[in-house]
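Residue numbers (mature numbering (1 follows the signal peptide of the UniProt record, and there is no 0)): -20 to -1, 1 to 123.
These are computed hints drawn from the structure, not numbers from a lab. Note that the structure is a prediction, hence the values are computed from the model and not measured. Even for Gly, the Cβ is constructed at its ideal location relative to N, Cα and C. Be careful, since some hints might not be right.
Cross-link-like lysine to any residue pairs, in silico, SDA-like; alpha carbons within 20 Å at most [what the hints assert, rightly or not]:
(1) Lys98 / Asn13
(2) Lys98 / Val70
(3) Lys98 / Ala85
(4) Lys98 / Ala112
(5) Lys98 / Thr54
(6) Lys98 / Val39
(7) Lys98 / Ser114
(8) Lys98 / Gly84
(9) Lys98 / Ala18
(10) Lys98 / Ser117
(11) Lys98 / Asp69
(12) Lys98 / Gly14
(13) Lys98 / Gln15
(14) Lys98 / Gly40
(15) Lys98 / Val123
The calculated label-pair distances, taken between Cβ atoms and stated as ranges, are [unchecked claim]:
(16) Leu5 / Thr121: 19 to 27 Å
(17) Gly40 / Leu5: 27 to 35 Å
(18) Thr11 / Asn56: 30 to 38 Å
(19) Thr54 / Lys98: 41 to 49 Å
(20) Thr11 / Gln120: 17 to 25 Å
(21) Gly84 / Ser114: 17 to 25 Å
(22) Val39 / Ala85: 39 to 47 Å
(23) Val70 / Cys2: 21 to 29 Å
(24) Val123 / Thr54: 42 to 50 Å
(25) Ser114 / Thr41: 26 to 34 Å
(26) Ala85 / Leu5: 21 to 29 Å
(27) Asn56 / Val123: 17 to 25 Å
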Amino acid sequence: MSRFALILVVVVVSVAMANAQCDGLDGADGTSNGQAGASGLAGGPNCNGGKGGKGAPGVGTAGGAGGVGGAGGTGNTNGGAGGSGGNSDVAAGGAGAAGGAAGGAGTGGTGGNGGAGKPGGAPGAGGAGTPAGSAGSPGQTTV
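Please take these sequences and the hints and turn them into a complete structure.
See the structure below:
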C-alpha cells in the first residue's frame, strides 16, 4: 500500500469515528437509594443531545428524579429524552425530567415518565423544538 493510500485510509477512518462520537453522551442512571439520574450532555455541531439518566428506586424514601435530556447541537438536531423518575415503595415517585431542546428545526426530546409511588411522580415536559417533544406520563399512585 502506498504511503498516500495509507494516509487517506487513516483520515477517512478518523473522520468516520469523529462523526460517530459527536452525539452527546447519555447521563448515568442513579445507582444508590433514591439517587437522581445525571443529565445528558449536549450534542456537538449537527449532533443530537444525550438522554438523561433514570432516577434510582427509593426504598423507604422517595424515588430519584430523572436527569434532563441534553440539548441538540447547532444545525437541525434533536434534543435528548429526559430520564424517568425512580419508583418508591413508601414515598413519592421520582419526577420525570424535561427533554432537551432541539437545535435548529429538530425535534425536542421526550419528557421522562414519573416514577410510581405515594403519590406518583410528576411527568417531565417535552423539550422545545419543531415539533416540540411530547411530555412524559405521570407516575402511578400506588396504594
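To see whether the hints hold, each was checked on the structure:
no.: 1; hint: Lys98 / Asn13; result: holds, 16 Å
no.: 2; hint: Lys98 / Val70; result: holds, 6 Å
no.: 3; hint: Lys98 / Ala85; result: violated, 39 Å
no.: 4; hint: Lys98 / Ala112; result: violated, 30 Å
no.: 5; hint: Lys98 / Thr54; result: violated, 41 Å
no.: 6; hint: Lys98 / Val39; result: holds, 12 Å
no.: 7; hint: Lys98 / Ser114; result: violated, 25 Å
no.: 8; hint: Lys98 / Gly84; result: violated, 39 Å
no.: 9; hint: Lys98 / Ala18; result: violated, 24 Å
no.: 10; hint: Lys98 / Ser117; result: holds, 16 Å
no.: 11; hint: Lys98 / Asp69; result: holds, 8 Å
no.: 12; hint: Lys98 / Gly14; result: holds, 14 Å
no.: 13; hint: Lys98 / Gln15; result: holds, 17 Å
no.: 14; hint: Lys98 / Gly40; result: holds, 11 Å
no.: 15; hint: Lys98 / Val123; result: holds, 7 Å
no.: 16; hint: Leu5 / Thr121: 19 to 27 Å; result: violated, 34 Å
no.: 17; hint: Gly40 / Leu5: 27 to 35 Å; result: holds, 32 Å
no.: 18; hint: Thr11 / Asn56: 30 to 38 Å; result: holds, 35 Å
no.: 19; hint: Thr54 / Lys98: 41 to 49 Å; result: holds, 43 Å
no.: 20; hint: Thr11 / Gln120: 17 to 25 Å; result: holds, 23 Å
no.: 21; hint: Gly84 / Ser114: 17 to 25 Å; result: holds, 19 Å
no.: 22; hint: Val39 / Ala85: 39 to 47 Å; result: holds, 44 Å
no.: 23; hint: Val70 / Cys2: 21 to 29 Å; result: violated, 43 Å
no.: 24; hint: Val123 / Thr54: 42 to 50 Å; result: holds, 48 Å
no.: 25; hint: Ser114 / Thr41: 26 to 34 Å; result: holds, 29 Å
no.: 26; hint: Ala85 / Leu5: 21 to 29 Å; result: holds, 24 Å
no.: 27; hint: Asn56 / Val123: 17 to 25 Å; result: violated, 46 Å
Comparing the model with each numbered hint stated earlier shows that hints 3, 4, 5, 7, 8, 9, 16, 23, 27 do not hold.
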